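Heads up, the sequence shown is in the numbering used here, so the first residue is 23 and it goes up one at a time.
Quick caveat, the hints were computed from the structure, so don't treat them as lab data. Heads up, some of the hints might be wrong.
[What the hints assert, rightly or not] Taking lysine-lysine pairs in the DSSO-like style, the calculated list, with each CA pair at most 27 Å apart, reads: (1) LYS494 - LYS484; (2) LYS613 - LYS486; (3) LYS613 - LYS496; (4) LYS439 - LYS484; (5) LYS484 - LYS176; (6) LYS507 - LYS439; (7) LYS494 - LYS613; (8) LYS531 - LYS568; (9) LYS496 - LYS531; (10) LYS494 - LYS472; (11) LYS439 - LYS531; (12) LYS472 - LYS496; (13) LYS472 - LYS78; (14) LYS71 - LYS176; (15) LYS472 - LYS484; (16) LYS78 - LYS66; (17) LYS78 - LYS176.
Since we're looking at a predicted model, the values are computed, not measured.
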Amino acid sequence: GKLFAVRKDMLRGDSLFAVIIFAVVALFLFNLVASVWRNIEFQKDVEQKASVRRTKAVGNVLAKAAESLMSANELSLLRRTVAETALEYHLRTCRIILPNGAILADADPASITLIELPASWEGTVAAYAEEFTRRTARFSYALTIPGRGNATLKIAAGVDDHLEASLVPQTAQMAVACLALASMLLVHRHSRFRLKAIGAIHEVLLAVQEDGVDISNLELDPRLGREAVAWNKLLGERQTTQVRSAIQQVKDVVHEKSGTAESFGAAFDAVPSGLVLVNGKLEIEHANGAAAIFLQTGRTQLSHAPISQAIKEPRVLAAVREAAENPAAKRVVVEVEQGGAMAAGVLRFSVLPIRQAETRLALIAIDDITQQRVAAGAMNSFLAKAAHELRTPLTNIRLFVEEALEHSERDPVATGKCLNVVNDETQRLDRTVAEILSVSQIEAGSFELKRDDVRLDELLQKLKIDHEVQAKEKRIAYEFDLPPKLPVLQADRDKIAQALHNLVGNALKYTLDGGRVAVSAQVENGRLSIAVSDTGIGIGPEEAEKVFEKFYRSQNPLATSVKGSGLGLPIAREIARLHGGDITVESELGKGSTFTLVLPLVEASA
23 GKLFAVRKDM LRGDSLFAVI IFAVVALFLF NLVASVWRNI EFQKDVEQKA SVRRTKAVGN
83 VLAKAAESLM SANELSLLRR TVAETALEYH LRTCRIILPN GAILADADPA SITLIELPAS
143 WEGTVAAYAE EFTRRTARFS YALTIPGRGN ATLKIAAGVD DHLEASLVPQ TAQMAVACLA
203 LASMLLVHRH SRFRLKAIGA IHEVLLAVQE DGVDISNLEL DPRLGREAVA WNKLLGERQT
263 TQVRSAIQQV KDVVHEKSGT AESFGAAFDA VPSGLVLVNG KLEIEHANGA AAIFLQTGRT
323 QLSHAPISQA IKEPRVLAAV REAAENPAAK RVVVEVEQGG AMAAGVLRFS VLPIRQAETR
383 LALIAIDDIT QQRVAAGAMN SFLAKAAHEL RTPLTNIRLF VEEALEHSER DPVATGKCLN
443 VVNDETQRLD RTVAEILSVS QIEAGSFELK RDDVRLDELL QKLKIDHEVQ AKEKRIAYEF
503 DLPPKLPVLQ ADRDKIAQAL HNLVGNALKY TLDGGRVAVS AQVENGRLSI AVSDTGIGIG
563 PEEAEKVFEK FYRSQNPLAT SVKGSGLGLP IAREIARLHG GDITVESELG KGSTFTLVLP
623 LVEASA
């Protein structure tokens, strides 16, 4: 008869199990919510206290620097310091006010009402004060400028500006927990009826273990669903499947006996690594074509030859002898420098025993790892040079921070200068890191282009503006000679701008005070050429191509005194070549250089 596997005790057990599961999940969810809430409150308190301490410390340092800069009448540097401090430390308010209410410096330059600082002024200001609200911390510092007057520095910062980001993980935990609970309810509701069929199949599987069970008595009621119908079909095919399986096993055995040698040889030759099979007499049983190439000999000469005739490395021979004599020997890997008629390289020999009852064999796998060694050497060199470029600004930052801390009380002017150096070195470090990231993307092949229409007139105009201050500081004649109309270029705007900034920046850096830097552009034969010429120190012919190598710095003493990472030109050339163009250089020592960026006006074919 039919087996009906739905029993009352099974249903009761299933319901009890579901209740227990939901109780455990609910308890876990409650504990999770309580833990998250406590963590939120704790983080909130810690963040608020840290924010207050940080803002107060910033105010103390800024107040001393402001007194020094106002005494020296360095208003431009004072306003820049106020603006950068507000931006760096996320201050909601940062301003300096005279007793009459005039605003001398502010985080928002538009709020400044006093352009020039008078020789002296009257009025008193309140002493140091602090005020705390639920979301804001405010501080007022009295500034004293000897012989001139007093002023007030006011700063304010949000005490919970960072809380939202810190609470994201906890909020995500709560959302995941609720989603998991809802998913469990839906899955249980959907699968409860189908679980009855699975329970019935479980009962049938237990019955199969009994001897003499008729297959017809193992069928299930089809009303239990598709699983029950599939189970009944499976039972009907059981005997046929067993017969077919037995026949197939016989065929496999016959095929294995008749085709072993042919299949073995084909499998050996299909492997790209060199494979050599050595018997207990240390003779070569079989070797594939790759092994003959790696060992620089003919394949027929390897057949049944002593292994010592094909391989001379003592470490490999010792490993083969051990593997052939001891089936329990461990795998041995030996790397050997190769020379001879073929190009030098590095071969890796992996030796392991073949465990068989009647015969003792050793297998040698040979791989050419020359390119891996070259890549590893290049990576190590890259990391060493990158570490050197990062270490220099970090060392300067550490030294000037220590000096600023030492002079913070006694010499505010020296402290301000130290902070300016730290700011410059931080920007240099940021540029170096960005360049190293670009180089790593180039090495990994992920330095991709995002092509779009690029208006060259706008791009070159911005390039000119960005470097005007640097040119004025060195009294360099900074000139642009451009045609009245430039075409629209299909290119990656940001990367083309990066390449041009690198070329112009280098020209200005390596041109002495009073020199000349000129940028010109022309379109000819479907190609755009942008030339950056300078009257700088120049490059010798032996270094003309080396300057495009990563981290290379010219050996010219005038060049080594200029700060740089040696990455700007390699990145610029890679950008040009990705666009189907190139960068060339013409230079003469002591007279200057011309770097020319050449780009096709149409997108290069892939």
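**Message:** Given the hinted pair LYS472 and LYS484, is their Cα-Cα distance within 27 Å?
**Reply:** Answer holds: LYS472 to LYS484 is near 20 Å, not above 27 Å.
**Asked** Is it true that the CA of LYS494 sits at most 27 Å from the CA of LYS613?
**Response** Cα-Cα ~21 Å, so holds.
**Message:** Please verify whether LYS472 and LYS78 have alpha carbons no more than 27 Å apart.
**Reply:** Distance of about 45 Å is beyond 27 Å: violated.
**Item:** Pairwise hint evaluation, LYS66 against LYS78, where the allowed Cα distance is 27 Å at most
**Value:** Holds, at about 18 Å.
**Item:** Distance restraint between LYS613 and LYS486, which requires alpha-carbon spacing of 27 Å or less
**Value:** holds, 23 Å
**Asked** Holds or violated: LYS439 with LYS484, Cα cutoff 27 Å?
**Response** Since the Cα atoms of LYS439 and LYS484 sit roughly 30 Å apart, the hinted pair is violated (cutoff 27 Å).
**Asked** Within 27 Å, alpha carbon to alpha carbon, are LYS494 and LYS472?
**Response** violated, 34 Å
**Prompt:** Would the pair LYS531 and LYS568 pass a check requiring their Cα atoms to be no farther apart than 27 Å?
**Reply:** At roughly 18 Å apart (the allowed maximum being 27 Å), LYS568 and LYS531 satisfy the hint.
**Item:** Proposed proximity, LYS496 with LYS613 (alpha carbon, max 27 Å)
**Value:** Given that 27 Å is the threshold and the Cα spacing comes to 18 Å, the pair holds.
**Holds or violated: LYS494 to LYS484, with C-alpha atoms at most 27 Å apart** = Holds: LYS494 and LYS484 sit about 16 Å apart, inside 27 Å.
**Item:** Satisfaction of hint between LYS176 and LYS78, Cα-Cα up to 27 Å
**Value:** Holds, at roughly 11 Å.
**Prompt:** Hey, LYS496 versus LYS531, does the alpha-carbon distance stay inside 27 Å?
**Reply:** Roughly 9 Å between the alpha carbons, so the hint for LYS496 and LYS531 holds.
Violation of the numbered hints given earlier is confined to hints 4, 5, 6, 10, 12, 13; the remaining hints are satisfied by the structure.
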